[in-house]
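Put together the whole structure using the sequences plus the hints.
If you read the protein sequences in the order shown, they are chains V and Y.
Sequential numbering of the first sequence, starting at 1, is according to this note's numbering.
Sequential numbering of the second sequence, starting at 1001, is according to this note's numbering.
None of these hints come from the bench; they were simulated from the model.
No farther apart than 30 Å at their CA atoms in a straight line, the calculated lysine-lysine pairs in the BS3-like style are these:
hint: 1; chain 1: V; residue 1: Lys18; chain 2: Y; residue 2: Lys1150
hint: 2; chain 1: V; residue 1: Lys104; chain 2: Y; residue 2: Lys1398
hint: 3; chain 1: Y; residue 1: Lys1163; chain 2: V; residue 2: Lys18
hint: 4; chain 1: Y; residue 1: Lys1431; chain 2: V; residue 2: Lys113
hint: 5; chain 1: V; residue 1: Lys68; chain 2: Y; residue 2: Lys1394
hint: 6; chain 1: V; residue 1: Lys92; chain 2: Y; residue 2: Lys1431
hint: 7; chain 1: Y; residue 1: Lys1018; chain 2: Y; residue 2: Lys1029
hint: 8; chain 1: Y; residue 1: Lys1029; chain 2: V; residue 2: Lys92
hint: 9; chain 1: Y; residue 1: Lys1019; chain 2: V; residue 2: Lys92
Now for the letters of each chain:
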Amino acid sequence: MQFWDNIVNTAMIGTDKKQVSAAELPADLAEPVTVIYNNDQADKEQKFLQLAAVAFNFRQTGVTALQKEVSISPAPDEEKAYCSIVAAQTLKDILSEESIPLLKFWLQHCDRKQQVIIPETLPALLGIGTQNKNLQVLIASCCGKRGEWLSGFNEAWNFSSTQTGEELWQTGTPDQRKIIFKETRKINPTLAREWLQQTWPQEDANTKTGFLELLPENISEEDIAFLDSLSTEKSKKVKEEAIRLLKQIPGSAIVKQYQELLQQCVMIKKEKTLLGMVSKTSLQFKLPPSFDETIFKTGIEKLSSSKEISDEEFIIYQLIQSAPPSFWQNQLERDPETVIDLFQKDTAGKKMIPALVSAITRFRDTSWAQHFMQHSETFYIDIIPLLQVQQQEAYSNKFFDKYPDNIIQYATQRETEWSVELSKNIFKHTAKNPYQYNRSFYNQHIHLIPGSAIAELEKCTPAEENLRNTWSNTSDYIIKLITLKIQTLKAFNS
Amino acid sequence: MNLSEDQILTLAPDESSKKSGKDLANPAKWVSKGVNEEALWGECQGSGSKPYQTQIDIVNIAFKCSCPSRKFPCKHGLGLLLLYARQKNIFTAHELPAWVKDWLSKRTEKQDKQAEKKDKPVDEAAQAKRQQARQSKVSDGIEELIVWVKDIIRNGIMNMPEKGPAFFENMARRMVDAQAPGLAGMIRTLGETNFYTEGWPTQFMDQLLRIYLVMEGYKNSPALNEPLQQDIRTWIGFTQNQEELKEQKGITDTWLVISKQSIEEDAITTERTWLYGTQTNRYALLLQFIVRGQGIQHNLTPGMFVQAELVFFPSASPLRAIIKRQLSTSAVYQFNKFENWEQVAETESQLNSQLPFRSERPFIIEQLKPVLYNKQWWLQDTANRLMQLKNEYKSIWKLLSLSGGNPSDMAVIGKEDQYEPVGIWQQDEYKTL
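Printed below as a string of structure tokens:
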């Protein structure tokens, strides 16, 4: 609109320096413009304001919409069914509570039922996906065809496009690649490793380390060749990470090397006591006079930093940490129960027990974990995640009062719901420690709390007057979240 | 009364009320609950020994609760409405308890008393004297403002961004002193021009010219028709006595609530509710100023149909209205819509010729679809004509996801060449954006 630009340009520099001429205004306005110009009583500012007011009005009345043949292709029809109204309403409530675990819970159910969310909620959900990368695959699936179509207009939402895992691995952002790698490693560890091997030469050292850090998931002898080949890598970090991983595989050369050395270090010693009347079996921990010193290049330290453990013991301690627990059954020709007993009864062996525990967790030896729990004099909390759920529950409840924070920490890493008893223990402890375990703690772990735990909340009210009010608020909040969880279950199972 | 959960939640005064309201939409929280054609009521067990008595007038949508909350409606009112929306069948009591009966009859009494109040004699001579004194003050103020505006124009608006807020605020205060609060507000708006955007000179000039037109219009009032004079008086800041207005005959129709927008400033919430008369084909704007802690006159929520008698404020292009009487509510599915942007532009031009300094208006338009052109979103009508969406339109993603890129009937608010969609019809259901 040239005439309006002329008005604005004159206004910018002021009527002291410039006037608007009749020629600068539309011919349609000739009549009022002439009247204004011919008004001798008006000064130049007044004339300009009047002309501008006429032009302003002319501009506002003369609007015509732009004629253009543009179009966007409409969203394709959904292939899956929409979720129910109740489920959609529950989703809205979950979104307003901003509980990501609850949202994940809802999405998992929606995905399992092969349903999609109603269009109204798409922008909110896609927005959450940009912040919570681990939800992206679920969100993309639950947003359906319309979500995929919508994300075509917003780059930040492009995770919603239904690319295959391999496409995502090859062309995705670093975060997307990590997520898909992690997931594939869970389901198909060989495929994940093959993907990594294919793109390995193109990755930089940091990315390589990042992916290696995800390899412990389902690590096996199949990975040895690949990890061994990394000994020629330029990056020190990559090499160290590869060695760390090899130490977790029972069949790797490095573990075998440690085992061979351990065979010479740890032996059963039979002694006669009480004038040869009683025979006593004990363990001997002693390094051979000479051994392959290349072990010191694989992360084994030579010097102990503790006064209670000698340098020799410390080297053996580190070797034990990297030997699969089953090794001891062969080496000492005893069953696990007796091996544990031998270690416990021996002065030097006792010092080695934490190394044994470390090996159990490193090699995720669930059978040894159980033996250890049953026969150990001391409770080793690190073993809890290796036990069966029921045993985890039993030990968590048994030792809860002694190690509440550690047990809560392991409990939060579980994928299965807590029992009512464990929930109750956790409620009681958290009620007394409201600053450490606030509403956000429950917001993060609500997926683990069973619906039937609601009945226990009131019973967990702390005796201290000052804590009661906070607990009352927290338990209201827990009830709200659990209710949403129950509603989600009902909505998808009805 | 058939309100959806979303509609009920838009009645909430804030986010925390929404959350608390949802928590209370739980049958376990209510000791008693009942409904009949007049009211919805329930007793909610709170932290005190006695349950809170919550009651809702469902004809005029009004709330009352015995809880101490200053929020309006309180969480109990919202919770009860939500519960009713979710589980109507559990509202088994139908006979009004005494406390609900009392409240409903008090509401009727209050209305009668208000009618009585109107009968008080008014000292007309004193009133006329006060009016004259004010008019003279306003005229003096306007003379001062004209000099200020001319100064701006003489020196050019180029240096306006450097002037700072005090330059505008001082003149706004002069207008308050001159008893022209409307002009004061217009000057503040002028000072709030976003000088960091590319098109600020046009934005600034539009507002400056509006001020100029109002001033000149006031000076030339005698030559103008009565409704236009009223418009000018309103823009200057003369108030219209709403009680007097209510005595006039209004327009009864089933009104669809198109949109509700709230702005909070200096502890006062201004609520703008846009309505469309389904039979009279008229649009209306209800303005409600809510001071925190005080009750509100009406609770309308987008998508709701209200049968009511509305009285419009006198204007060359009547839009603002007040509710004189509210009757029962029921849904209407057939009504007129604008066919395309050309019709909207024609209406706009016509309205503009009657009132050249107007605010935005709503329009319900058939079959619009969002399209992307020149990296901007537009609304395309069936004749392939495009109208640009308002700058920084926040609900574009919701609009896209609801429409799926298909044409839908839409309610928009705007003027000239920019509009903002506020609602969209999907299978006869109105969804707010």
